[in-house]
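Novice: Each chain, written out:
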Amino acid sequence: MLNIQSVDKVYPNGVRALDRVKFEIQQGEIVAVVGGSGCGKSTLLRLAAGLDQATRGTIELDGETISAPHECVGMIFQEPRLLPWLTVAGNVGFGISHLPRTKREAIVGEVLLRVGLGDYAERWPRELSGGQAQRVAIARALAPRPKVLLLDEPFSALDAFTRASLHEHVLDLWRAFKPTLVLVTHDVEEAAYLADRVIVMRPQPGRISSMFDLDLRRPRDRYGPDLEAAKRRILNALDQSLRARTAGDELVPAAAI
Amino acid sequence: MSVMDAMQQRDAAIEAASPVISPAKKSRFGAKLALGLLLPVALAASWEIAVAYGFAQGRLMPPPSRLFKTLYDLAITGELLRHIGATLARVAAGFALGTIAGTIVGAIAGSSRLAKDVVDPTLQGLRSVPSIAWVPLFILWLGIFEESKIALIAVGCFFPVYLGVFGAISSVDRKTVEVGRMFRLSQFQLARRILLPAILPAYVLALRQGLGLGWMFVVAAEFMGASEGLGYLLVDGQQLGKPDQILAAILTFAILGKITDGLLAAASAPFLTWQDAFAPKN
Numbered sequence: 002m003l004n005i006q007s008v009d010k011v012y013p014n015g016v017r018a019l020d021r022v023k024f025e026i027q028q029g030e031i032v033a034v035v036g037g038s039g040c041g042k043s044t045l046l047r048l049a050a051g052l053d054q055a056t057r058g059t060i061e062l063d064g065e066t067i068s069a070p071h072e073c074v075g076m077i078f079q080e081p082r083l084l085p086w087l088t089v090a091g092n093v094g095f096g097i098s099h100l101p102r103t104k105r106e107a108i109v110g111e112v113l114l115r116v117g118l119g120d121y122a123e124r125w126p127r128e129l130s131g132g133q134a135q136r137v138a139i140a141r142a143l144a145p146r147p148k149v150l151l152l153d154e155p156f157s158a159l160d161a162f163t164r165a166s167l168h169e170h171v172l173d174l175w176r177a178f179k180p181t182l183v184l185v186t187h188d189v190e191e192a193a194y195l196a197d198r199v200i201v202m203r204p205q206p207g208r209i210s211s212m213f214d215l216d217l218r219r220p221r222d223r224y225g226p227d228l229e230a231a232k233r234r235i236l237n238a239l240d241q242s243l244r245a246r247t248a249g250d251e252l253v254p255a256a257a258i
Numbered sequence: 041m042s043v044m045d046a047m048q049q050r051d052a053a054i055e056a057a058s059p060v061i062s063p064a065k066k067s068r069f070g071a072k073l074a075l076g077l078l079l080p081v082a083l084a085a086s087w088e089i090a091v092a093y094g095f096a097q098g099r100l101m102p103p104p105s106r107l108f109k110t111l112y113d114l115a116i117t118g119e120l121l122r123h124i125g126a127t128l129a130r131v132a133a134g135f136a137l138g139t140i141a142g143t144i145v146g147a148i149a150g151s152s153r154l155a156k157d158v159v160d161p162t163l164q165g166l167r168s169v170p171s172i173a174w175v176p177l178f179i180l181w182l183g184i185f186e187e188s189k190i191a192l193i194a195v196g197c198f199f200p201v202y203l204g205v206f207g208a209i210s211s212v213d214r215k216t217v218e219v220g221r222m223f224r225l226s227q228f229q230l231a232r233r234i235l236l237p238a239i240l241p242a243y244v245l246a247l248r249q250g251l252g253l254g255w256m257f258v259v260a261a262e263f264m265g266a267s268e269g270l271g272y273l274l275v276d277g278q279q280l281g282k283p284d285q286i287l288a289a290i291l292t293f294a295i296l297g298k299i300t301d302g303l304l305a306a307a308s309a310p311f312l313t314w315q316d317a318f319a320p321k322n
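Chains as they are written, first to last, in our numbering: chain A, 2 to 258; chain B, 41 to 322.
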């Protein structure tokens, strides 16, 4: 269980990126964090990853406080961030270099197969398309079998077609390893298609404005009425969050939406 | 999952379109070599003809045949080899010293802001001193023998290597470093597995620049009183009015410089195959 306990993050320049952000995520849950730019969603992810420190409050994974990158937490960034001097296999095995060679190679082979790049092990990153590179990044993050996988707008730089195929890869991997997924996105359709639960944030200061379960079965129909309804619900919540900011400064309870 | 099938098809298409190393690469190298030789060979041949038919005198600018005869004579007596050996030894020693110092100081300045603020302004100031200006001081300090010469070459090699290492480290992408942090690398592992490979291309370039300057400075060093070395051949040729000897030494410098640079590039090439560099076609 990932427990975010009333976290504040104030940057040295005085910007209050997060203000009393508080929620829990169950193991294996898929949570989408949505909100306009500057609402602190990426900051939240960086704190959960242990890359930055909260100004106040703590983030705990199964009761253990996260103050530095944790072996059970993986991160996928907006860009693939592959290491250009390593082959695809070298990149995927980068985080498990402490394992014996044969075991490492077996894991690398397995995750590469799962992202559909079984034949690409000896390629260089420069030889990959954008979508392939991001799939390698996903494989790299999953190779150490993290309990929690943080995704920071990982598909936003890709075309709609590639994005849709990556959604399938992520769901496939999630079914196989059941990691907790925390997905920061500003793509409403992505959130509706992937998430069990949606957290809507609003900016200045970054706060949670609402949080709700989607209650949709998988596999979901990307073009069906259920997904349309979910998208509308998320859009409404986003709209509401922006209006709440202009009206006053109080949290909108989830029930009000 | 039809999206994924289509995706796989697209991957196959990308693969089909990606260039494979062609067998024609070898012949292209031959053609490139011929193209590169075209100009010097044509110039040499026309000068040879001009002198042979009396259009030009060729006393101050000897024709290629006389140049090669001088070179041959120098080589056959073993004299050329002795001079090359002396010069090479100086370049090697100076380059090694300058490179080691440049790498260490560059690494320190690149990895700590405090060290950079302390060290960099002084070095930038020293860098703007024309290195030849050190010659009198080095002679006073180290005498007129090998030490002062090697010191001068080392100074020449130091700055490009220092700047290269320092610049490369400070321009390593924070995003790449974060990947290492996510996998909980220690400082040492971070340096070995992220920083080192990341700066390697710039480092090789800096080494090649350093070596090039090393060759420049060895001439200056050998001008300040040497009894052997290619620079000595230059001075000797000037004093005794032997332009063919000067040209022979210049030619040897060109060949040696090209060979050593080529060796350095070839030695580093296997570590840099991953580079996504701009390579103009045709």
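Keep in mind that a hint or two might mislead.
What the hints assert, rightly or not - Derived DSBU-like pairs: lysine-lysine, alpha-carbon spacing no greater than 30 Å straight-line:
hint, chain 1, residue 1, chain 2, residue 2
1, A, K148, B, K298
2, A, K148, A, K232
3, A, K179, A, K232
4, B, K298, B, K282
5, A, K104, B, K215
6, A, K23, B, K215
7, B, K215, B, K156
8, B, K215, B, K72
9, A, K23, A, K179
10, A, K148, A, K104
11, B, K109, B, K156
12, A, K179, B, K215
To be verified - These stretches of chain B come out as covered by chain A in the derived footprint (C-beta under 8 Å, 3 or more residues):
hint, stretch
13, 216 to 228
14, 231 to 245
Calculated directly from the structure, the hints in this document are not laboratory data. A virtual CB, placed ideally from N, CA and C, is assigned to each residue, including glycine.
Novice: Find the hints from earlier in the document that the structure breaks and name them by number, from lowest to highest.
Specialist: Hints 1, 8 and 11 contradicted; others consistent.
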